[in-house]
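Undergrad: Okay, here's what each chain looks like letter by letter:
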Amino acid sequence: MKIHRQKIEVESKTQIEFFDITSQVQEVIDASGIREGLLLVFAPHTTMALAINHNEPMLIQDFMRVLYKIVPMDDRYSHDLFELSKNSKSDGRSNGHSHCKSFLLGVSETLPIEKGKLLINPNQSIFAVEFDGSRKRDITIQVMGI
Amino acid sequence: MKIHRQKIEVESKTQIEFFDITSQVQEVIDASGIREGLLLVFAPHTTMALAINHNEPMLIQDFMRVLYKIVPMDDRYSHDLFELSKNSKSDGRSNGHSHCKSFLLGVSETLPIEKGKLLINPNQSIFAVEFDGSRKRDITIQVMGI
Amino acid sequence: MKIHRQKIEVESKTQIEFFDITSQVQEVIDASGIREGLLLVFAPHTTMALAINHNEPMLIQDFMRVLYKIVPMDDRYSHDLFELSKNSKSDGRSNGHSHCKSFLLGVSETLPIEKGKLLINPNQSIFAVEFDGSRKRDITIQVMGI
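If you're matching them up, the sequences are chains D, U and V in order. With my numbering applied, the first sequence corresponds to residues 671 to 816, in that order. With my numbering applied, the second sequence corresponds to residues 671 to 816, in that order. With my numbering applied, the third sequence corresponds to residues 671 to 816, in that order.
It is worth saying that the hints were derived from the structure and are not from the lab. A hint or two may mislead.
Copies of one chain are not kept apart here, so a pair can be met inside one copy or by any two copies together.
To be verified - Below 16 Å or equal to it, Euclidean Cα-Cα: the simulated EDC-like pairs (lysine to aspartate or glutamate) are:
id, residue 1, residue 2
1, K677, E784
2, K756, E726
3, K787, E697
4, K683, E753
5, K672, E784
Required output: the full structure, derived from the provided sequences and hints.
TA: Encoded structure:
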């Protein structure tokens with residue numbers, strides 16, 4: 671059994687941003703030489719999430735609206751007071767809502783690999799989602815198999 | 671290490687349908703001969719999801735109601751306009767809400783396998799959920815282990 | 671390839687409780703001797719969930735508030751009538767809302783292991799969440815790798 675791990679980078683320009691990382695993930699699988707196995711995508715960040723669906727811009731807008739409704743930005747989050755109360759290290763962002771969205775959606779995805787290819791529907795894309803941009807972030811891609 | 675992969679089929683008759691696929695998943699594990707390892711269930715579809723809980727019909731009704739409240743069918747979804755604007759290929763479904771539910775719940779589940787059996791609580795069932803039925807769909811079951 | 675599996679216990683004192691199990695998970699990885707691979711944390715319970723984010727008490731309060739808003743405790747859940755209608759075995763809890771929260775958040779998490787360590791951000795914690803305490807529960811930790 672082989673394990674191959676690589677990081678990819680995404681850089682958000684706006685507060686909430688969806689990155690379609692499907693082709694970058696496939697490149698890591700290609701580099702691994704693994705033909706059959708398991709893909710793990712993991713976001714080592716507390717204001718990011720991973721999600722899978724159709725990369726259709728209007729749909730992404732719809733889904734953002736759903737997330738805004740569930741976790742509104744203009745609610746009060748106690749975490750924001752915590753951030754304000756810290757003297758150092760905090761960058762003063764009111765990002766309680768970003769953490770909650772990450773909590774809800776989750777930071778990892780696992781997918782099957784068959785004959786060296788991600789076994790997904792051509793309409794499915796893997797998204798790394800930033801909820802507290804703009805920032806530079808890395809995403810961990812791990813391939814495990816034979 | 672061995673990897674075994676199989677597809678199972680589900681066919682929805684109504685718009686939203688929960689399929690308890692637990693026993694079919696166990697059959698795939700049996701067929702694999704794998705005794706210790708990891709199960710991955712993956713839905714290669716953008717209006718489906720996978721979820722785990724008690725197979726109790728009234729609870730499923732409750733959970734459907736929660737999902738309807740979070741992602742109402744009678745809201746306006748921009749994705750539905752996108753679908754309408756396509757001349758070909760679209761089947762004209764207003765399924766923006768279905769995609770959003772799939773986005774939120776996720777399309778995969780991973781579980782432990784011990785002594786050839788799914789290591790779950792007898793009260794837990796694995797559900798493949800269709801949010802845009804009726805349709806025929808396949809679900810990928812992958813067993814990895816020794 | 672090696673597979674190592676262990677259970678850890680959590681005991682809730684209140685109805686909803688977040689347990690930071692990150693260090694216990696790391697201890698299981700240490701015990702496994704596995705250096706590179708995949709961690710699976712799985713809750714074999716229908717009113718629990720697993721989630722990952724910053725262990726900051728005010729943030730956890732915020733996230734609990736989000737969950738309460740999505741799945742309110744004071745709504746009517748048909749499952750609660752089902753529980754009441756059973757003569758035996760039921761402990762009479764009105765826990766429809768707890769099941770729905772578990773359904774929504776999910777009962778497993780998968781993470782990468784590098785050089786014998788969980789490859790997570792120091793700000794990330796793995797939480798086992800009980801939605802129907804107080805209870806004693808076990809969580810399954812599985813390490814797979816080389």
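Undergrad: Hint by hint, say whether it matches the structure.
TA: Comparing the hints with the structure gives:
no., hint, verdict
1, K677 <-> E784, "between (22 Å within a copy, 13 Å between copies)"
2, K756 <-> E726, "between (40 Å within a copy, 12 Å between copies)"
3, K787 <-> E697, "within (10 Å within a copy, 25 Å between copies)"
4, K683 <-> E753, "neither (22 Å within a copy, 28 Å between copies)"
5, K672 <-> E784, "both (15 Å within a copy, 13 Å between copies)"
Consistency with the previously given hints fails for number 4 only.
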